[in-house]
Every structure is written in structure tokens, then in C-alpha cells.
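A.B. asks: Starting from the given sequences, assemble the full structure and let the hints guide the process.
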Amino acid sequence: MTLSASPRLQAYAALAAIALVAALAAGRPELAALATPFLLLVAVGLVGSAPLALEGTLRFDRERVLEGQRVRAIVTVANRGAPARVELHLPTTARLHTDPTPVAFWLPRGEKREIPFVLAVTRWGVHDAGPAVARARDRLGVFALEGRLGESRELRAYPSVQRLRRLIAPLRTRPVLGSQVSRERGEGIEFADLRPLVPGDRVRRINWRATSRRRVPYVNVQHPEHSTDVVLFLDTFAEAEHADEGTLDAAVHAAAALASAYLARRDRVALVSFGGVLSWLTPTAGPRQLYSIVEALIASDVRLSYAWKDVTQLPRRLLPARALVLALSPLLDARGVDALLDLRARGYDVAVVEISPVAHTPAADAASYRLPLRLWRLQRDALHARFETLGVPVARWEYPRTSIELALEEVTTFRRHARPAPRV
Amino acid sequence: MGAALATLLLLLALTAGRSAAIPFAVLLLGAIYVIPDDDRAIAAPIYGGGLLLIAELAYWSLDERVRGRVHPGVAARRLFAILAVTAAAIPAGALVLLAAEADLARSPALTAVGAAAIVACLGLLAALARLRGDGTLPR
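So the sequence lines, in the order shown, correspond to chains A and B. Residue numbering for the first sequence follows the numbering used here, starting at 1 and increasing by one per position. Residue numbering for the second sequence follows the numbering used here, starting at 425 and increasing by one per position.
By construction, these hints were calculated from the structure, which means they are not laboratory data. Don't take each hint at face value.
[Unchecked claim] Dumping the calculated SDA-like pairs for lysine to any residue here, alpha-carbon to alpha-carbon at most 25 angstroms: (1) A:K112 to B:V490; (2) A:K112 to B:A500; (3) A:K112 to B:A499; (4) A:K112 to B:C545; (5) A:K112 to B:V494; (6) A:K112 to B:R502; (7) A:K112 to B:L503; (8) A:K112 to B:A550; (9) A:K112 to B:V498; (10) A:K112 to A:F60.
[Unchecked claim] These stretches of chain A come out as covered by chain B in the derived footprint (C-beta under 8 angstroms, 3 or more residues): (11) 9-21; (12) 34-41.
For clarity, every value in this text was computed on a predicted model and none was experimentally measured. Ideal placement from N, C-alpha and C gives every residue a C-beta, glycine not left out.
C.D. replies: Below is the structure:
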């Protein structure tokens, strides 16, 4: 904390010195009498009070919240020095809102005061809250002690998870029991086909109606219920952000919702944050993986980097051969785009949800930017066509205007009509 | 004329939030009191106390420009402290006048005491001048 003196001390000392010198020079004692009150205040201010000393802490009623929730917080201020008028500025940031009006109170020596307040968490993320800033003045306001009270506290805000009713079905599944109806044939619930009975078939699988019609025993063949591997591919090279909402917000919300939905279907889900900082979680099933993914998501951020990165930097176990790679990307950075094209070239089942950056462009409505915007949109359309030529569906998601389910349905529709050839 | 100018300076300081004009207003008010050599209605110690009160209230107004939720009893403490210093300054000023009226014979020792007092005042001024530009005390 920084101790400073009021500027009036210097002014009073200067006034007193002028008056005293003038009194001596002119032989006018009343000038010395006029200077006396100012000298007295300077003397009382400098000598008469003990030094100021404040300590403080910030604490929350909980350290994990959902975005949009409110946290009750308390700033405790303890006075270890002279009695002081304390002016407390509560911690507030762009993502953590509270009443910015400072609170002023009198704090006698050796006492402490607790100031409760409410902090509104507007966005997911790992927030550094505080510390509160305090300014203490002694009784005459001659000295002021100013600085931060204690340390900042970490507040983890989790994104709200939307419940998805429809998901993208993978082209290939892994031969482990799950909820995804496989395209393969075997034992399951969903009817797939009929075939003649072969030795080893169970009697209960005989289709009696087909058998009686053809006079040869036929059995039912089903699609087995398998699980799948889903790799959520977050492109964090760049984002478009406007008015506190951006493409990374959308990507994090979508990734949390998709991870929750796929894990509920007993699939294995992996997360790749592909950007300035490369991070990943290998495919795992179960509710613990959901917590791990959400923890990783709230730490994700767009960090500027000029380093070239490609998929060869990802470990092999992160990308199982039959995995569905579901990319959430604004398609703004060539490195992210090339990585997705590379994955497709390697035979992966890739689907792209393009989080449209156009909606987050502040100049979208400006007349002077009409032509460059049109060119930019044409470039993006060409990029879409490039993906679709390779059999990669690209669904445009206008966040927050539309739901992600619309984009997922668009991917499903594309795959229904233009299925990419499976890897050989 | 002088009083009007001093009031204008104070108003300027309070409206613009610049404390630099306050000492000049006080200096002007002091000059108004001293320059006429005739009998004055108010005694110098009381007038000095009044000048201090004006200056203190002006500086206090500037300190309170930041809006905030102020708990009760905060302002009263500073007000009492200012009034106490002002009240103590009046007899101190009277004492200075009495000392000036005292019929003391000139002597080298007395001159040395006077010179030492001036040096002490200037020393105090120099110490305050050592404060950094932002008012922070040197460590």
C-alpha cells in the first residue's frame, strides 16, 4: 500500500513561510498570527497521529458458480494503525459485476469491519476477483494510505449446459455396447435385414413369417447398439467478439452441451483446444469426463500466436480411427481450417459447426463496409464449398440468434444426402 | 475587489476540482487583511483561524468529490478535528501577538533563537517539498 500526504500540507507550509518572512521583513506581527493556524495544522498533522495501517481479505460464500448466478462476498478490513476513514472500492471487472459505488466508513484502531456485497458472474471462465482497493485517511485527512487489500481470489464460473435432443450420428462406431445404432449388422434391437439361417443362429431369431413364405428358414438381422468416439475440436486461434458475446462463448457453450449429451449416451468424448495454446483430453466415457471437459473449457482462451500448428502435434491416442471429429470453429484462422482439411484427408469423419463471426462484426451494418463484407462473405462461401467437396458438412450457426440444434440438424441433413466414402 | 477575486478563485477550485487555486485565495484574503494599516474589526488570531477554516472546508469538499455510500458519523469526526485545530489556533495566534508585544532587549542569543526558528520553518518546508510529485512519502 502507498502512503501519501495531502497536497495541502505543502500549501500550508508555504503560506506560513511567506507570512513569517513578510512579518519579519515588514515588522508586522499580525502576519505571524495569521500564519500560526496553518503551522499548527501542519504540526498536528505530521506529529499528532500514528501511522496508518490496513489489512484486508476477500472471501466468497462459494468458489464455483454457474454463469449468470450471484455470489455473496465479504471484504474484511482490519485497522492496525491510527483511526481512519476508510473508503472501500469493491472489486469489479468486465465479467464480474457489483455496485461500483465506494463505501466509506470510520474504523477505529484495532477494529475490523466486514462489508458484504453481491457479485454477479456474467460469463463463464476462471476469474480473478479482487482484491478490493481501499483508501484510508487519518482524522484530519492529512495522510492517505491507498492500495489493494490482500490477494485476489479465484472464482470458477461454469457455462450453462443446454440439453440437446438431437445429435450428429457418427458414420462408424466402436464395437462396445452403447446407445448409438450402428450401421453394422449383428445383434441388437433395430431391425436391419433378413438372411437365410446358418448353423449357429439362435432359433428365437427366426422370422417365421418370412420362413413360411419362402419355405426356407430366414432369420432377422439387427443393427447392434454401439458406442462411439467423439472428438470435440475447438478452434481457439481467433475469435470474433462484440458486445461481450463472441464465437468462443458459443464454442464453449456448444462443446459443454455436446459433451454432456454424448457422454449421457455412453460414448467416449475427447476435447482438443487447437489454438495458440494446444491442450487436449483423451477420449473417456463417464460423468467424470464431463467435469474434466468443463474444467478444461472454462480455462480455454484465445491467445495470439504466430506458431504454425498442425494435427501431427496431437497424440495418436487422441484421435481414434473411428472417431467423429466435431469441429466448433469460426473458420477465421488458416491453421484451424488446414487442420480440419488434414483430418479429413486422413480419413476421419469430420463435421464442422461454423460459428458465424459475421453476427459479431460491428461493421456489419455500415454502408462503407458493404463491399469488403460482401467479398469476405464470398470467401467464406468458397471455403464452405471446399469443405463440402471433400464430404465435410459445414453448418453455419448464427449464435446467439439460433440454437445449435439447427446447425446439428443441418449437418445430419447434409450427411443423409451426401455421405462421404468410409475410409478403406 | 480582492474579496471578490478570492471568492472567484475558491469557486474555480471547487467547480474544476483543482486544489491549486485554494492557497492563492487564502493568500489574497490574508493580503486584504494586512495591507490596510488602520484599525481592524476582527483580531488577527480570529481572522487566521477563519482563513484556516475556509481552506480546510475547501480541501474537504474536494476530497469528497468521489460519490459513495458514506456510513453515519464519518464526516463528524473530521469536522470536530478541524474545529478543534481552529479553536486551538486562536489562542496560539494571540500568544504570538503577545510575544511580539513583549519588551525584550535585543541580544545575540535572541537573534540566534529567531534565526533558528526561521531555519526550522524552512527545514519543515524543505521536508514537505521532498514529497514526490504524486504526494507519496519517500521511503
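A.B. asks: Against this structure, judge whether each hint is valid.
C.D. replies: Hint check:
1. A:K112 to B:V490: Given pair K112 (chain A), V490 (chain B) holds - Cα atoms ~23 angstroms apart, limit 25 angstroms.
2. A:K112 to B:A500: With a Cα-Cα distance of about 20 angstroms, the restraint between K112 (chain A) and A500 (chain B) holds, given a limit of 25 angstroms.
3. A:K112 to B:A499: holds (19 angstroms)
4. A:K112 to B:C545: Judged against 25 angstroms, a Cα distance of about 39 angstroms means the pair is violated.
5. A:K112 to B:V494: holds (17 angstroms)
6. A:K112 to B:R502: holds (20 angstroms)
7. A:K112 to B:L503: At roughly 23 angstroms apart (the allowed maximum being 25 angstroms), L503 (chain B) and K112 (chain A) satisfy the hint.
8. A:K112 to B:A550: The given pair, whose Cα atoms are some 37 angstroms apart, is violated under the 25 angstroms limit.
9. A:K112 to B:V498: Roughly 16 angstroms separates the two Cα atoms, so the pair holds.
10. A:K112 to A:F60: holds (18 angstroms)
11. 9-21: With 13 residues closer than 8 angstroms to chain B, the segment 9-21 of chain A meets the three-residue bar; holds.
12. 34-41: Coverage by chain B holds here, the residue count being 8 at a Cβ distance below 8 angstroms.
Consistency with the previously given hints fails for numbers 4, 8, ordered from lowest to highest.
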